[in-house]
Amino acid sequence: MAVKLPIYMDYNATTPVDPRVLEDMLPYFTEKFGNAASRSHSFGWTADEAVNAARERIAHLIGAESGNEIVITSGATESNNLALKGVAEFYKDKGNHIITTTIEHKAVLDTCKRLEKQGCQVTYVAVGKDGVVDPEDIRKAMTDKTILVSVMLANNEIGTVQPIAEIGKITREKGVLLHTDAVQGLGKVPFDVTSTNADLVSMSAHKMYGPKGVGALWVRRSKPRVRLVAQMDGGGHERGMRSGTLNVPSIVGFGKAAELAVLERPAEAARTRAQRERLRTIIQDGLDQVFVNGSLEHRLPGNLNLSFAFVEGEAIIMAIKDVAVSSGSACTSASLEPSYVLKAMGVGDELAHSSIRFGIGRFTTDEEVEYVGKLVVEKIKGLREMSPLYEMYKEGIDLKSVSWSAH
Amino acid sequence: MAYSDKVIDHYENPRNVGALDKGDEQVGTGLVGAPACGDVMRLQIKVNDDGVIQDAKFKTFGCGSAIASSSLATEWLKGRTLDQALEIRNRDIASELNLPPVKIHCSVLAEDAIKSAIEDFRRKQAAKRAISQPEAKPAEPPQASKPADPAAEQARVSEG
Ligand SMILES: Cc1ncc(COP(=O)(O)O)c(C=O)c1O
Chain A
1 MAVKLPIYMD YNATTPVDPR VLEDMLPYFT EKFGNAASRS HSFGWTADEA VNAARERIAH
61 LIGAESGNEI VITSGATESN NLALKGVAEF YKDKGNHIIT TTIEHKAVLD TCKRLEKQGC
121 QVTYVAVGKD GVVDPEDIRK AMTDKTILVS VMLANNEIGT VQPIAEIGKI TREKGVLLHT
181 DAVQGLGKVP FDVTSTNADL VSMSAHKMYG PKGVGALWVR RSKPRVRLVA QMDGGGHERG
241 MRSGTLNVPS IVGFGKAAEL AVLERPAEAA RTRAQRERLR TIIQDGLDQV FVNGSLEHRL
301 PGNLNLSFAF VEGEAIIMAI KDVAVSSGSA CTSASLEPSY VLKAMGVGDE LAHSSIRFGI
361 GRFTTDEEVE YVGKLVVEKI KGLREMSPLY EMYKEGIDLK SVSWSAH
Chain B
408 MAYSDKVIDH YENPRNVGAL DKGDEQVGTG LVGAPACGDV MRLQIKVNDD GVIQDAKFKT
468 FGCGSAIASS SLATEWLKGR TLDQALEIRN RDIASELNLP PVKIHCSVLA EDAIKSAIED
528 FRRKQAAKRA ISQPEAKPAE PPQASKPADP AAEQARVSEG
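So the sequence lines, in the order shown, correspond to chains A and B.
Per the working numbering, residue 1 is the first one in the first sequence, and the count goes up by one each step.
Per the working numbering, residue 408 is the first one in the second sequence, and the count goes up by one each step.
Take the hints with a grain of salt, since some may be wrong.
Claimed, not checked - Here are the simulated lysine-lysine pairs, BS3-like style, with alpha carbons at most 27 Å apart:
| no. | chain 1 | residue 1 | chain 2 | residue 2 |
| --- | --- | --- | --- | --- |
| 1 | A | Lys169 | A | Lys85 |
| 2 | A | Lys400 | B | Lys429 |
| 3 | A | Lys394 | B | Lys413 |
| 4 | B | Lys413 | A | Lys379 |
| 5 | A | Lys212 | A | Lys117 |
| 6 | A | Lys223 | A | Lys140 |
| 7 | B | Lys429 | B | Lys485 |
| 8 | A | Lys394 | B | Lys453 |
| 9 | A | Lys113 | A | Lys94 |
| 10 | A | Lys117 | A | Lys94 |
| 11 | A | Lys4 | A | Lys92 |
| 12 | B | Lys413 | A | Lys321 |
| 13 | A | Lys379 | A | Lys321 |
| 14 | B | Lys453 | B | Lys485 |
| 15 | B | Lys531 | A | Lys381 |
| 16 | A | Lys212 | A | Lys113 |
| 17 | A | Lys381 | B | Lys413 |
| 18 | A | Lys212 | A | Lys174 |
| 19 | A | Lys374 | A | Lys4 |
| 20 | A | Lys223 | A | Lys212 |
| 21 | A | Lys106 | A | Lys4 |
| 22 | A | Lys394 | B | Lys429 |
| 23 | A | Lys140 | A | Lys174 |
| 24 | B | Lys531 | A | Lys400 |
| 25 | A | Lys343 | A | Lys106 |
| 26 | A | Lys4 | A | Lys32 |
| 27 | A | Lys321 | A | Lys400 |
These aren't lab readings, by the way, just hints derived from the structure by calculation.
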């Protein structure tokens, strides 16, 4: 079967809406358009019922007891903001110290930066070379002022899965709240709020075959009862935690996506892991000096982040232009800084500039994997023919011994 | 990055990729940039007895516009005298390729590479003349030269 171009291999950035999700959503744009907050007529009741059914499905995805603990948001950026700012504000008399890691999504890191300006202390715990945080480092960072630990379930760039359950043992023992940005891990790796002792969980529909612009924050209601100060004032929706008329069709889609994630995770994880390994094997068999960024063991099944020494990421993206991937290279970012995640793991700038993230997902075919693997091998060989660094490497020159004109 | 057709053309069909014999007295080599910054250019020229650039080759580690800038530079160099070659400005490269503002530093690097290759050639010629007298300089280890033009260095810092 011939593959259809372009090929999408950037499932960590976003995912297409599953057709089954879309089908469930459609009636809520037209005949079932009611406002879920309308109490006085059936249009409102219908919408409200649909939203509540979706809440249950979303709660079920993370093993939570009740849909009432779900606060619907516009996505995980908002969920992370609400979790961190809401907790910091509510518990400010108890303490002002937050612990997080250096590889969190910007929605957590930049929120922490703002909280620091407002008087919070934040400890950014480093990760190991494998891109995984050591729970003992979290323990060591604790002070009697610590109120919250925020660690992501899985990283969006390098796909490393963090030991949330072990961190949860520590936070529970210390009486500190645990927030996890679970966006990348849901539907990919096992996760539930009971065995991990998570207290707040951020989710986003568009990373799990639901629509963009909708997400949720799960907030534990008992043992302990977690309190937040709302960051959005208004009509008192979502039990006062997040005002704003609910985006009913998207919430319905999110619910369906959550249901599918539960049903399909085992088979999908096995399939995408096999495809990921196939892709890695084709590439590493075909090329020398290709390095995997981040632990292969503690990793999302569909994520592969590789550094192709001696070639630059943006040039690779141009060379495989019919394949949608992303790079940690500075040249592909507005900031002209290479990926802070790779930096935080101790990957040198050279290899950060040479990194490519492949994201495999629900609709990736085996043919696509074969095609991309072969294409990458061929194109990297071509780019290396053009690379003075590869030539020097082949001549046995140690590139570190050269005095480069840093600029 | 949305590139001009010219960048894409040079990227997809780079002119004059390759190497000239570094040991050849008629060859000048410029190696500029740094791997940690994401771009390194090696530009080589072969100069005939009339002081005209007869051949030019490049190899570049870098993004699409770095590759295109060096490819274009080699095209422009052929047939020029050294003094004419030194007239090539990064602005000319940037405007010919229609580089987006964040990529101007790639054209600056190409200008540096040209200057550095010419400098290397002139150094070799001076050494050759010196050989006829006794003290010849020993060969230097590979070194990426500093940009020839302080203004260019300035531009590069501000562009990223
Ligand atoms: C780990 C992680 N957290 C948060 C977000 C932000 O989610 P959203 O796009 O729903 O705001 C993303 C996606 O970009 C992510 O990968």
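Given pair status - A:Lys321, A:Lys379, alpha carbons within 27 Å: holds (11 Å)
B:Lys429 paired with B:Lys485 [C-alpha distance capped at 27 Å]: holds (18 Å)
Satisfaction of hint between A:Lys174 and A:Lys212, Cα-Cα up to 27 Å: Violated, at about 37 Å.
Restraint status (C-alpha distance of B:Lys531 to A:Lys381 at most 27 Å): It is violated: about 33 Å lies between the C-alpha atoms, which goes past 27 Å.
Pairwise hint evaluation, A:Lys321 against B:Lys413, where the allowed Cα distance is 27 Å at most: Roughly 16 Å between the alpha carbons, so the hint for B:Lys413 and A:Lys321 holds.
Holds or violated: A:Lys374 to A:Lys4, with C-alpha atoms at most 27 Å apart: holds (15 Å)
Distance restraint between A:Lys223 and A:Lys212, which requires alpha-carbon spacing of 27 Å or less: violated (32 Å)
A:Lys223 paired with A:Lys140 [C-alpha distance capped at 27 Å]: holds (24 Å)
Agreement of A:Lys394 and B:Lys453 with the hint, judged by alpha carbon distance not exceeding 27 Å: holds (24 Å)
Pair hint A:Lys140 and A:Lys174, alpha-carbon separation not exceeding 27 Å: holds (12 Å)
Pair hint A:Lys106 and A:Lys4, alpha-carbon separation not exceeding 27 Å: The hint is violated at about 34 Å.
27 Å limit on alpha-carbon distance, applied to hinted pair A:Lys343 and A:Lys106: Holds. A:Lys343 to A:Lys106 sits at ~15 Å (cutoff 27 Å).
Taken one by one, the earlier hints fail for this structure at numbers 3, 5, 11, 15, 18, 20, 21, 26 and 27, listed in ascending order.
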